[in-house]
Amino acid sequence: NAGVTQTPKFQVLKTGQSMTLQCAQDMNHNSMYWYRQDPGMGLRLIYYSASEGTTDKGEVPNGYNVSRLNKREFSLRLESAAPSQTSVYFCASEILPYNSPLHFGNGTRLTVT
Amino acid sequence: KNEVEQSPQNLTAQEGEFITINCSYSVGISALHWLQQHPGGGIVSLFMLSSGKKKHGRLIATINIQEKHSSLHITASHPRDSAVYICAVRLSGGATNKLIFGTGTLLAVQP
Numbered sequence: 001n002a003g004v005t006q007t008p009k010f011q012v013l014k015t016g017q018s019m020t021l022q023c024a025q026d027m028n029h030n031s032m033y034w035y036r037q038d039p040g041m042g043l044r045l046i047y048y049s050a051s052e053g054t055t056d057k058g059e060v061p062n063g064y065n066v067s068r069l070n071k072r073e074f075s076l077r078l079e080s081a082a083p084s085q086t087s088v089y090f091c092a093s094e095i096l097p098y099n100s101p102l103h104f105g106n107g108t109r110l111t112v113t
Numbered sequence: 001k002n003e004v005e006q007s008p009q010n011l012t013a014q015e016g017e018f019i020t021i022n023c024s025y026s027v028g029i030s031a032l033h034w035l036q037q038h039p040g041g042g043i044v045s046l047f048m049l050s051s052g053k054k055k056h057g058r059l060i061a062t063i064n065i066q067e068k069h070s071s072l073h074i075t076a077s078h079p080r081d082s083a084v085y086i087c088a089v090r091l092s093g094g095a096t097n098k099l100i101f102g103t104g105t106l107l108a109v110q111p
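Which chain is which? The protein sequence lines are D and F, in order. Residues 1 to 113 in the working numbering are what the first sequence spells out, letter by letter. Residues 1 to 111 in the working numbering are what the second sequence spells out, letter by letter.
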């Protein structure tokens, strides 16, 4: 039981390059989330997926797209990376009903130069 | 003003000390989470509370819904407790998927 697996752990991109962050969970969770963590700020929600086949914008969706490929996998894509997207990204999942513990991946440290 | 405020922002303690980290919030919530993040590491859920008190080992979390306040206590602190502790609240009402996170409390426990 691996929990939430997130790849890659580190990535450096040049401005304008694209990449996809992968996230998979093996806990049969319905809800999955992508957050970014920046110094001095709390985690901010980029996108979430309440169930397979649905995705919705969070607080800071601009510059990102997501795909809920199946119940296990939720990917985050940066189509044209910008320096403002330098951050640490976390994937998380939880099971409905909502008042249950959150499970996080180990994070992806992304630098855009 | 942030909807979730943690205090202190930074805390240094000596091994064995009793530690308290506070979280105040200004919104209606259905639950409050305490999370732990070690330097360079992932985030681990410690507690989820909707009322009262929970205990796990040397960690105790309490919540006062009327006062919109929660505390995380660590008894007999140890250097391995050094981490960032994050409070997060789940909004009540329609936006039940929405969590608001505090900025965290950086705890350093010195031997």
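For the record, the hints were derived by calculation from the structure and aren't laboratory data. Values in this document were obtained by computation on a predicted structure and should not be read as measured data. Careful: at least some of the hints might be erroneous.
[To be verified] No farther apart than 30 Å at their CA atoms in a straight line, the calculated lysine-lysine pairs in the DSS-like style are these:
hint, chain 1, residue 1, chain 2, residue 2
1, D, K71, F, K53
2, F, K53, F, K98
3, F, K68, F, K53
4, F, K54, F, K68
5, D, K9, D, K57
6, F, K55, F, K68
7, F, K54, D, K57
8, D, K57, F, K68
9, D, K9, F, K98
10, F, K98, F, K55
11, D, K9, D, K71
12, F, K68, F, K98
[What the hints assert, rightly or not] Sample of chain F residues lacking proximity to chain D, with all beta carbon distances greater than 10 Å (derived):
hint, residue
13, N2
14, L11
15, G16
16, E17
17, F18
18, H33
19, G52
20, K55
21, K68
22, T75
23, R80
For every residue, glycine included, the Cβ atom is placed at its ideal position computed from N, Cα and C.
Against the structure, the hints:
With a CA separation close to 34 Å, the supplied pair D:K71 and F:K53 exceeds the 30 Å bound. Our distance criterion of 30 Å between C-alpha atoms is met by F:K53 and F:K98, whose separation comes to about 23 Å. Distance hint between F:K68 and F:K53 is fulfilled; the C-alpha atoms sit about 14 Å from each other, no more than 30 Å. With a C-alpha separation of about 17 Å, the suggested pairing of F:K54 with F:K68 holds against the 30 Å cut-off.
At roughly 24 Å between alpha-carbon atoms, D:K9 and D:K57 fall within 30 Å of each other, so this suggested pair holds. Restraint check for F:K55 and F:K68: satisfied, since their Cα atoms lie roughly 20 Å apart, inside the 30 Å limit. Taking the CA atoms of F:K54 and D:K57, the gap is near 33 Å; set against the 30 Å cutoff, the hint is violated. Using a Cα cut-off of 30 Å, the hinted pair D:K57 and F:K68 holds, with the two alpha carbons roughly 28 Å apart.
Distance restraint check for D:K9 and F:K98: the Cα-Cα separation of roughly 26 Å lies within the 30 Å cut-off, and the hinted pair is therefore satisfied. Of the pairs offered as hints, the one joining F:K98 and F:K55 holds, with about 25 Å between alpha carbons and a cut-off of 30 Å not exceeded. Between D:K9 and D:K71 the alpha-carbon distance is near 22 Å, which keeps this suggested pair within the 30 Å criterion. Pair hint F:K68 plus F:K98 holds up; C-alpha atoms about 18 Å apart against a cutoff of 30 Å.
Not every C-beta of chain D lies more than 10 Å from that of F:N2, the closest at about 8 Å, which undercuts listing it as non-interface. Against chain D, the non-interface label of F:L11 holds: every CB pair exceeds 10 Å, the least being about 17 Å. Its beta-carbon lying about 29 Å from the closest one in chain D, F:G16 satisfies the requirement of being farther than 10 Å from that chain. Every CB of chain D lies more than 10 Å from the CB of F:E17, the least distance being 26 Å, so the non-interface label holds.
The claim that F:F18 lies off the interface holds: its Cβ sits roughly 25 Å from the closest Cβ of chain D, which is beyond the 10 Å cut-off. Distance check on F:H33: its Cβ comes as close as 6 Å (rounded) to a Cβ of chain D, failing to clear the 10 Å threshold; non-interface status is violated. Interface exclusion of F:G52 from chain D stands, the closest Cβ pair being 14 Å apart, more than 10 Å. Listed as a non-interface residue, F:K55 keeps its Cβ farther than 10 Å from every Cβ of chain D; the least gap is roughly 16 Å.
Residue-level check passed: F:K68 sits 17 Å from the nearest beta carbon of chain D, beyond 10 Å. No beta-carbon of chain D comes within 10 Å of the beta-carbon of F:T75; the shortest separation is about 22 Å. F:R80, annotated as away from the interface, keeps every beta carbon of chain D farther than 10 Å; the closest lies near 18 Å.
Violation of the numbered hints given earlier is confined to hints 1, 7, 13, 18; the remaining hints are satisfied by the structure.
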